[in-house]
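Colleague: Using the sequences plus the hints, can you model the full thing?
Each chain is listed here by its residues.
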Amino acid sequence: MTPGRRRWLPAAGAFVLVAVALPACGKDSPSILDHHGPEARHVAGVWWLMFGLAAAVYVVVAGLVVIAIVRGRRTSTPAEDGAAVVRAGTDRRSESAFIWAGGIVAPVVILAILAVVTVTTTRDVRRAQDGELQVEVTAKRWWWDVRYPESGVATADEIHIPVGRPIDVVLRSDNVVHSFWVPQLAGKLDAVPGQTNHLRFQASTPGTYLGECAEYCGLQHARMGFIVIADAPADFDRWLARRSGAGTGPTSEATAEGQLVFMREACAGCHAIRNTQATATLGPDLSDFGSRQWIGSVTLPNTRGNLAGWISNSQTIKPGNLMPPISLEPDELDALVAYLESLK
Amino acid sequence: MTLLDRVPTGKDLATLWEDAPGIPGFFSSVDHKRIGMRYIYTSFVFFFVAGLTALVMRAQLTTPESGVLGPQLYNELMTMHGTTMIFLFNTPVLAGFGNYLIPLQLGTRDMAFPRMNAFSYWIFLLGGIFMYLSFFVGKMPDGGWFAYPPMVSKAYSPGINMDFWGLGVVFVGLSTTVGSINFIVTIFKLRAPGMSLHRMPIFVWSMLVFSFMAIFAVPAVTLAAGLLELDRLFGTSFFVPALGGSALLYQHLFWFWGHPEVYILFVPATGMISQIIPVFSRRPLAGYLWVAASLVTIGFISFGVWVHHMFATGLPPLAMAFFSAVSLIIAIPSGVQFFAWIATMWKGTVRLTTPMLFAVGFLLIFLLGGITGVMVAVLPFDWQVTDSYFVVAHFHYVLNGAVVFPIFGAIYYWMPKMTGRMLSERLGRLSFWVMFVGFNVTFFPMHILGFLGMPRRVYTYRDGLGWEGLNVMVSLGSLVFALGTGITLVNFLISRRRGRPAGDDPWDADSLEWSTTSPPPDYNFASVPVVASAHPLWDQKPLPYASSGSDEETRGLGPEGAVERETPITSGIDTAPEGNLTIPEDTYLPLMVAVGLAVFFLGLLVNAAAVGVTGAALAVVGAVWWTWRTEEDLA
Amino acid sequence: MTAATVPVPGPGPTAAGVDPIRPSTRRGYSTAWWGMAVLIMTEGMVFAILLASYFFLRASAKEWPLGGIEVPKLELALPFSFVLWGSSIPIFWAEAAIRKGRVGAFKAGMAISFVMGLSFLLFTLYDFDELTFGWRDNAYGSIYYTIVGLHAFHVFIGLAMSVGVQAKAWLGRLDHGRHSSAEVFSLYWHFVDVVWLFVFPSLFLSLHL
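Residue numbers (my numbering), protein chains in the order written: chain E, 788 to 1131; chain R, -18 to 616; chain F, 55 to 263.
It is worth saying that the hints were derived from the structure and are not from the lab.
None of these values were measured; they are calculated from a predicted model.
Not the full set, but computed from the structure, chain R residues with beta-carbon under 8 angstroms of chain E:
#1 131
#2 294
#3 324
Glycine included, C-beta positions come from ideal geometry on N, C-alpha and C.
Modeller: Here is the structure:
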């Protein structure tokens, strides 16, 4: 094997690796190829088309490079071997034809295909449709405020949507620029202060999909995740109905004590809980906190232990987040945790 | 044999052109070769610093939930890595090669504005130091290298951190602008007789395109950073949405510079490749005019693609479709260049020396970076991959692979001319292979990480997302890549002392810099060469030199008419001698003005009016003194 | 190195394959003039981008000027704009004069132009003083002060250059052959006028249409 050949084989091999490895790796990952909605499906299709074209282009062009080198290759320096310089001019025509064919005609054909694909795909996605469910998502530092304007339900860092229904995420920011990204469902859309954007997408299969902030937004950009939970329409309706009803209030002594702690301490200064006097909007709405999967925007799983740690000093877990450390007596903390976990 | 032996001299050029010895000469020299070398050395210091920050960042990202760096320090290093690579390495190192090589390749004795040249270097150096002062006060910029407001506005970034960045960018931009003006006038007015535009080396063409692009693009970033600093320091509201400002305005301004900037870096890198490939293929570049036209075309089209950095900001679909199409089209001139290089090698016989290896490595890397570049121009695909690791992979293939590899090739190719000594071929080849493998192991897996949903600029990530193995691979690769660059550094240090003498023309190359000694004398050429070909050293054997004419216009062509430091001025198109440009003596004025401006910016930074006024006064006095002595007096 | 040197004398026949070197018949502009020309390209870009930013902010605003600020008045701005544009005329005259070596006419033209430019600068400062809003009030204030202020700063630099060129003329350092600083200044001054040709309609006139 010549050194020349050795150079392009790994590269071509790498491409094969991608083709094989990408879907396989996607098992645990929020992979854009593991699509569960029309936009992600379209884009995955675009990718496989581009991948095929790219692999062909790479192999052909890199092959030409390698062949060009291998023909009459020398390892000495020109001055050492005294090789005469070949003058041009004898064959200008074939050179020009080669440059035309490879540098202009072939790219134009490929780019024309891609241009058509771009236009048709763009036309098919993110279109306003009848029967959309509006979800107002406001990007905060560093969490997501989620509201359902039709039913008045408020939550945070978790977006429940019905499968098969067009969704219109009304995206805003009242602080810095963020970007809303759920790789398995759709591409990104930024939340830009002073501007309202609409991300329209659908989920086609029930499941839980990881979302992330994709635009660098400061200290805790890395810990600004959320999840999108796509339910069957009936399940979604039940979920929504449970949150729009009157609510039951604390059901046990411990949770009642926890509610008192919540209202007495700093908690109520920033957080809201439905049907209580806590209505502040600086921090996430906690009305259904007990049913949420994560604490701190997909930082820790929502367990009693994690929650107690978070309340005591979230700064050690997610430094720089806007929640101050809260010092409580152990029994107060227990009651508070019990209360929050009881909110479903 | 020196040039002086070859041509009878009237006055001793060596004495006329000599710098003052020692430290005064160091600070007052206006010799384009000394300045060019300083640019290269200084920017390589920044290159290695930026490389170290990258390694530290990789240490943090090797494992999930790692605590090597906190979020603040990670974000600071991330910002400084990007800022340093773009503003303090890539741009100035190319300016350094341009500074050193352009007068030599054009057959003239210095740049059109030698004092401006010294000035632009001092500005670059002081600007770099200015930004790095932030390390010493522990307040490094942390807003990312494109620093989007409102995140970097006073409300969300109250510290001094981003002021180092904003003021530094404005300051360093000044250096690029001044340098570009110098290149343009030098290329149009100082070419040797006979060197019409279609006989200029492609590297000169590429620097001409670099300069024009910089002239039109840099004002945008200067304004972006400048208006941001007005917001931060003086309380204006350009980017404050609540007061009618616009966050998107900043993004438009930044990327109106930012995308051309990618090509500002890439075009000279391809210019280097177009010089290296023909020499080691033993034949002239195929399609010279095609390549030159491609460079110019890239320059124009690159101003129409900036919005593809903003595809996810919610712009109207029709506008995005337009920019998507233009972003696809820009692939064509690059394709033309690529096939010109293949044709050159195909028709020639290739010598795989170290510079050529780097050129071939460039081809294989740039091919992939170019392909992924076309992919991200496809609007719906870009929505998925933008701001993910796929884009990190893409721009490292383009800005690291397709710019740093040509620069390393250029080091191996031109250092013998600059220092007079050859670099070791054995270490050079080793360095190439280690870098090439390390590069691909580092950056190729990033494409896949992007597909797997890893967003850009995260200081950490959770376990269990399938990103762990690839991140380990990336970190290992980055160590290998760093090792490869280190080998070249060692190679350079050894060759400075023990390298084989290079002789005038170790590669049997075609352009004029190889006709003079290595390193060239202070005056470059005693007699100006007379050019009749795009490859004078191949086609014109022996190379003819001009001698001084009897009239004022042609007096400076040869050494006989030398009365002071002079180089001939020629008309822009047909290179007829028009007169002589007096090259100024050593002077401290450029340093004085640069220091004055640096003090002025420092005053703005620390909000000390007295400091600012002192600096401004120093700069103004220097500038007045400088301009007072224009050429009426020197002629 | 095998190539020996073949000296080619200035004008006249040369070695085989080499074009004879003939000096240019026209007198070209100095490198300083070309440098100024390129500087003007980049400076022109600064103003073009600022004006584009102005229109961008204006297009994204519900009302313009923002916050009930009154529209810039024309009563003084219009006549003084003509004073500024008019100040280019004596420069053309002065430049033609110095090419013929008529230093007296040159000095007169420069002085007239200087007075016109200075009166425009004083008007701008007066105008700033009269404005009822500041540059911190809102984005309109910010962009208005920045564009008009940056232009005024350019006028100021132009006036400073004019002083320098006039001083050289009075010191007898300029004549028909040596006056590149006058040419450089003239180019710059015309540029400053042309910029106002874009700024004035954008910031003043267009709000009265």
